[in-house]
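Engineer: So the chains spell out like this:
There are 2 protein chains.
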Amino acid sequence: MINYFKSSCIRLVPSINRLHSHVTQNFREFSRFCGDQEPESWKSMEGLIRCQANNVPLSPISFLERSAMAYMNRTSLVYGSVKYTWSQTHERCVKLASALTQLGIARGDVVATLSPNVPAIYELHFAVPMAGAVLCTLNSRYDSTMVSVLLRHSEAKIIFVDYELLEIARGALDILANEDIKPPMIVLIPKYDCSSSTSLNLNTYEYENLLETGQYGFEIRRPKSEWDPISLNYTSGTTSRPKGVVYSHRGAYLNSLATVFLHGMGSMPTFLWTVPMFHCNGWCLTWGVAAQGGTNICLRKVSPKGIFDNIARHNVTHMAVAPTVLNMIVHSSVGDQKPLPHKVEVSTGGSPPPPQILQKMEELGFGVTHLYGLTETYGPGTYTPWIPEWDSLPLEDRSKLHARQGLQHLGLEKVDCRDPVSMKSVPADGKTMGEIMLRGNTVMSGYFKDLKATEEAFKGGWFHSGDLAVKHPDGCIEVKDRLKDIIISGGENICTVEVETVLYSHPAIYEAAVVGRPDDHWGQTPCAFVKLKEGFHVDAQEIIKFCRDNLPHYMAPRTVIFEDLPRTATGKIQKFILREKAAALGSLT
Amino acid sequence: MINYFKSSCIRLVPSINRLHSHVTQNFREFSRFCGDQEPESWKSMEGLIRCQANNVPLSPISFLERSAMAYMNRTSLVYGSVKYTWSQTHERCVKLASALTQLGIARGDVVATLSPNVPAIYELHFAVPMAGAVLCTLNSRYDSTMVSVLLRHSEAKIIFVDYELLEIARGALDILANEDIKPPMIVLIPKYDCSSSTSLNLNTYEYENLLETGQYGFEIRRPKSEWDPISLNYTSGTTSRPKGVVYSHRGAYLNSLATVFLHGMGSMPTFLWTVPMFHCNGWCLTWGVAAQGGTNICLRKVSPKGIFDNIARHNVTHMAVAPTVLNMIVHSSVGDQKPLPHKVEVSTGGSPPPPQILQKMEELGFGVTHLYGLTETYGPGTYTPWIPEWDSLPLEDRSKLHARQGLQHLGLEKVDCRDPVSMKSVPADGKTMGEIMLRGNTVMSGYFKDLKATEEAFKGGWFHSGDLAVKHPDGCIEVKDRLKDIIISGGENICTVEVETVLYSHPAIYEAAVVGRPDDHWGQTPCAFVKLKEGFHVDAQEIIKFCRDNLPHYMAPRTVIFEDLPRTATGKIQKFILREKAAALGSLT
Chain A
712 MINYFKSSCI RLVPSINRLH SHVTQNFREF SRFCGDQEPE SWKSMEGLIR
762 CQANNVPLSP ISFLERSAMA YMNRTSLVYG SVKYTWSQTH ERCVKLASAL
812 TQLGIARGDV VATLSPNVPA IYELHFAVPM AGAVLCTLNS RYDSTMVSVL
862 LRHSEAKIIF VDYELLEIAR GALDILANED IKPPMIVLIP KYDCSSSTSL
912 NLNTYEYENL LETGQYGFEI RRPKSEWDPI SLNYTSGTTS RPKGVVYSHR
962 GAYLNSLATV FLHGMGSMPT FLWTVPMFHC NGWCLTWGVA AQGGTNICLR
1012 KVSPKGIFDN IARHNVTHMA VAPTVLNMIV HSSVGDQKPL PHKVEVSTGG
1062 SPPPPQILQK MEELGFGVTH LYGLTETYGP GTYTPWIPEW DSLPLEDRSK
1112 LHARQGLQHL GLEKVDCRDP VSMKSVPADG KTMGEIMLRG NTVMSGYFKD
1162 LKATEEAFKG GWFHSGDLAV KHPDGCIEVK DRLKDIIISG GENICTVEVE
1212 TVLYSHPAIY EAAVVGRPDD HWGQTPCAFV KLKEGFHVDA QEIIKFCRDN
1262 LPHYMAPRTV IFEDLPRTAT GKIQKFILRE KAAALGSLT
Chain B
712 MINYFKSSCI RLVPSINRLH SHVTQNFREF SRFCGDQEPE SWKSMEGLIR
762 CQANNVPLSP ISFLERSAMA YMNRTSLVYG SVKYTWSQTH ERCVKLASAL
812 TQLGIARGDV VATLSPNVPA IYELHFAVPM AGAVLCTLNS RYDSTMVSVL
862 LRHSEAKIIF VDYELLEIAR GALDILANED IKPPMIVLIP KYDCSSSTSL
912 NLNTYEYENL LETGQYGFEI RRPKSEWDPI SLNYTSGTTS RPKGVVYSHR
962 GAYLNSLATV FLHGMGSMPT FLWTVPMFHC NGWCLTWGVA AQGGTNICLR
1012 KVSPKGIFDN IARHNVTHMA VAPTVLNMIV HSSVGDQKPL PHKVEVSTGG
1062 SPPPPQILQK MEELGFGVTH LYGLTETYGP GTYTPWIPEW DSLPLEDRSK
1112 LHARQGLQHL GLEKVDCRDP VSMKSVPADG KTMGEIMLRG NTVMSGYFKD
1162 LKATEEAFKG GWFHSGDLAV KHPDGCIEVK DRLKDIIISG GENICTVEVE
1212 TVLYSHPAIY EAAVVGRPDD HWGQTPCAFV KLKEGFHVDA QEIIKFCRDN
1262 LPHYMAPRTV IFEDLPRTAT GKIQKFILRE KAAALGSLT
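In order, the protein sequences belong to chains A and B. Heads up, the first sequence is in my numbering, so the first residue is 712 and it goes up one at a time. Heads up, the second sequence is in my numbering, so the first residue is 712 and it goes up one at a time.
Simulated from the structure, these hints should not be mistaken for laboratory data. Careful, some of the hints might be misleading.
Copies of the same chain look alike in the list, so a pair counts if it works inside one copy or between any two.
[Unchecked claim] When the alpha-carbon atoms are kept at most 25 Å apart in a straight line, the in silico DSS-like pairs for lysine-lysine are as follows:
#	residue 1	residue 2
1	Lys1111	Lys893
2	Lys1111	Lys1160
3	Lys1125	Lys935
4	Lys1170	Lys935
5	Lys935	Lys1135
6	Lys1049	Lys1292
7	Lys1071	Lys1049
8	Lys1012	Lys1292
9	Lys902	Lys1012
10	Lys1142	Lys1111
11	Lys1012	Lys1054
12	Lys1016	Lys1049
13	Lys1163	Lys1111
All chains, please: the whole structure from these sequences, using the hints.
Structural biologist: Right, dumping it as structure tokens:
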């Protein structure tokens, strides 16, 4: 896995270097492709009609309605001692939708949440669309300021808040009040399994009480068009310019099915919620599990013990995790581990599982699938469909195959690596880098209130991911770096992912991230931030030497800083913070 | 299956009885729901764009393109010693599409086939849509007259004909020539594995030669809209009014995925083609197997020995069969049977598997799923999702559950039993009958060149199946009778009116009526009740021969009974009395 990084033959298409400035420039030559893609050619055959009988807007709402019949008495959701069937979940969601409309929620209104993976947030994934509204699940680790910014930007009318996060939400509302902005109503999601003791003020409702005001006979508000928005997902943008990614009912329907296929989920899977539902609507598996009449095992907090306990107790078949959780599982104490009842399929996204993690996961009885995607692609967009013949390959070869981001899943039309200026595909030689571009029905509708950013993202009729990758001869893509993370040192491009992979292979290193440190002579030099495993001691010189032994010298870090890495709520390392720290160090030469 | 007709507890909603006249009346109060169902409400959120990056017409063509990469070197199709990989199948289909355009096939043109399940008909399921054209797979049991009628109606420009059916096709072309209609070109599908010795005339091409004229670099003609027609499937309409059911790319895409889900097909299944691909495009599994990168095992003729041999040789995982084939398997000689390598999932449609058949199939190692659908619903539309807890029920109870037509699959929005006049749902009491009505994206676009029939079929915004059923308390439907008097024999629909028309054309026959006679092997066989003109004398054999000379053989009566026909006061023949008489005769085979 490591040796190929020694290869100096990774070529960049010429215009990548010009791109840093390009992407931030105003986009002038943009041509709108925005014409309705549905000419009436279906009328060309005489005798045909398009009507309610044969044209129903695609929507994940249909999954719940069907499962309420097909899997009526099967368990839909478990959370501690809370347990519902699919017919109960359906009833609760309809009543909640009814209650929302009674509170004045109109078609297209935004309803926000601030909550970990408790039953309420699952139910809101159906109830809010059933009220014709748009679900905006805020990251539960945001502070009051960030929450206030996103409430203002989204114009949310209601926010559902977990009892542990009530003070954060109230802080956000205070900020809005100070700005003379009408704050949203708060609906408190109390601690399950005990009567609420939280004091509620006038503008605050309690979840179960609100739900009970709704009518099961309520006629839900179906989307008028499958292009209607179903959710609004804020990515980690800056506070001054939030990026609110809009999903449509159509895209959510198609990505849910594609994600179910990708996970190899048969009928009635049992899914353990270790990935936050606020993240790309749980990679669309909130809706996907309903499509297959599965059982959702909700978890407030993720811990290795909790994972093993829940797998054993509920016969979990599938889970999806951030790379940090893979790390947690693999490094968990033997006392926390339990034998698995059967092979458990785990998907992971964000970064490829390193060989030693993969091997350990397999030893524990997990099957690992590596996904790639962005908030803008409804979460999962690509993976490497696993060929049975590969099972017998040596670990190193399997790791290389797992490390690739692969091909579009069944719901996406195409993934490609292209020169972002000429828009030409790069050769499929495993060497030439291009920007990952994606096209298909599971690409976002756009950035809410930011047409310019939307136009930039869709330039040339492809979604521009901002990730750099090579394309292998079999068409599979492999990420090399974020466009903005790439380091240019002495005119050479350094893929930080490659340097990090070498760092991770060092036995003492628990986690690592590399950014560019400004340099008067070289432009930039690589700077590594490293956290060591407990009980290990190595110094910077040893780490630098290790990298020089395993990489072209110009790629080896010149600086090593030992500290905990800052991460986002979804487990992504916040490189912009590290870049600021590296910049503060000043030039090395 | 027969006994339930005797049950006295089945209630009919009052208006069912009025329906026979109703459905044949001109439909006056029809309101077109035909307005574009896509208001621009997606624009209500500022900043969104619909363009090539996020809006690609749904089409099964995408399945092949993806599998050509994801499953590149995996076997796509096997037929005797013929074997292709997915990348080869993709290449062959693109070349064939290219060759079709070189022959002058334009967007929207119809390309017909007359063939059993050989590789060519599989390839044409992709090649024809890739040329922008519409695939019309004719029943390979049709005679020259029927083929000529459908070629005239469909205006097919080319017909691909299996070498064994060449004379039927040439006969059809002669009929067209006599009517001064320009006949389609013939492309001969020769016997595989041997050089063709059939003499070709000027207007006839040979399949492989034609394919070789195509270019792999050809830019395929993608649908301009997902509502573009992809195929035209003739049901058993009368020769005077053929019913050509039009499928769209959108519906085909969605039904393919739903059918894959319904069959529980994981990645890379091996599918044995025992259901004709000419029947609803092989229940959309032609496209569905491509979606999952599976292997298609083609069979020219279906026999128990062939089924067992192929299962063992190719590790078949899934198959789909007409009820007669279930019968064949169960009654096959022990010498023809082979132990299965694993459980083989078999789906069957048309009529529910009787308990003894179900039991025997399970003993042999098959898992059976019972589907319901019509040509108008792209084949499979409903089934009973099987709950694991049911496995432990006694055979009789399981048979009852298997016998039900169940619920809509994942691609269909809703199945319901309704009063066809008031359009009200019947109570879910397992007793009150209503007409099965379906709604969703996997309902046909309409009947080609027959707007009136389309409007009638979609009256009230639901597709009217013409089948009568009850709805059980859990929402599952169960078919009780056919609204019309269709006979199902060996999986084929026989319209009694057509047979009666031929009978009436016999010089000795005064009046005639045809009903189904229950049959252990065929399900039903046509039974004719005939009253001769005074002074005429013919016997049953002569009448049967007359019908066989004027109809496809399977449509000809197997039984002829001479007697006066029972009529109502207003002169209508009472078919239910004749059905009882035919039932009393018992099985013919």
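Engineer: Should Lys902 paired with Lys1012 be assigned to within, between, both, or neither, using CA atoms and 25 Å as the limit?
Structural biologist: Classified as within: same-chain Cα gap 13 Å, cross-chain 64 Å, threshold 25 Å.
Engineer: What label fits Lys1111 with Lys893 when the C-alpha limit is 25 Å: within, between, both, or neither?
Structural biologist: Answer is neither: 53 Å inside a copy and 59 Å across each miss the 25 Å cutoff.
Engineer: Taking 25 Å as the upper bound on the Cα-Cα distance, should Lys935 and Lys1135 be classified as within, between, both, or neither?
Structural biologist: between (38 Å within a copy, 23 Å between copies)
Engineer: When no copy is specified for Lys1012 and Lys1054, does a C-alpha distance of 25 Å or less occur within a copy, between copies, both, or neither?
Structural biologist: within (23 Å within a copy, 40 Å between copies)
Engineer: Tell me, please, which holds for Lys1049 and Lys1292 at an alpha-carbon limit of 25 Å: within, between, both or neither?
Structural biologist: The answer is neither: 41 Å in one copy and 67 Å across copies each exceed 25 Å.
Engineer: With 25 Å as the alpha-carbon cut-off, assign the pair Lys1071 and Lys1049 to within, between, both or neither.
Structural biologist: within (14 Å within a copy, 41 Å between copies)
Engineer: What label fits Lys1125 with Lys935 when the C-alpha limit is 25 Å: within, between, both, or neither?
Structural biologist: The answer is between: 17 Å across copies meets 25 Å, while 28 Å in one copy does not.
Engineer: Cα distance capped at 25 Å. Does Lys1016 pair with Lys1049 within a copy, between copies, both, or neither?
Structural biologist: within (8 Å within a copy, 48 Å between copies)
Engineer: Can you give me the call for Lys1111 and Lys1160, within, between, both or neither, at a CA distance of at most 25 Å?
Structural biologist: Neither, since 41 Å and 56 Å both go past 25 Å.
Engineer: Indicate which option fits the pair Lys1012, Lys1292 if close means a Cα-Cα distance not exceeding 25 Å: within, between, both or neither.
Structural biologist: For Lys1012 and Lys1292, neither the intra-copy (30 Å) nor the inter-copy (70 Å) Cα distance is at most 25 Å.
Engineer: Since the copies are identical, ignore which copy is meant and state whether Lys1163 and Lys1111 lie within 25 Å (CA to CA) inside a copy, between copies, both or neither.
Structural biologist: Answer is neither: 38 Å inside a copy and 60 Å across each miss the 25 Å cutoff.
Engineer: Given a CA cutoff of 25 Å, do Lys1142 and Lys1111 count as a within-copy pair, a between-copy pair, both, or neither?
Structural biologist: within (15 Å within a copy, 60 Å between copies)
Hint check: violations occur at hints 1, 2, 6, 8 and 13; the rest are consistent with the structure.
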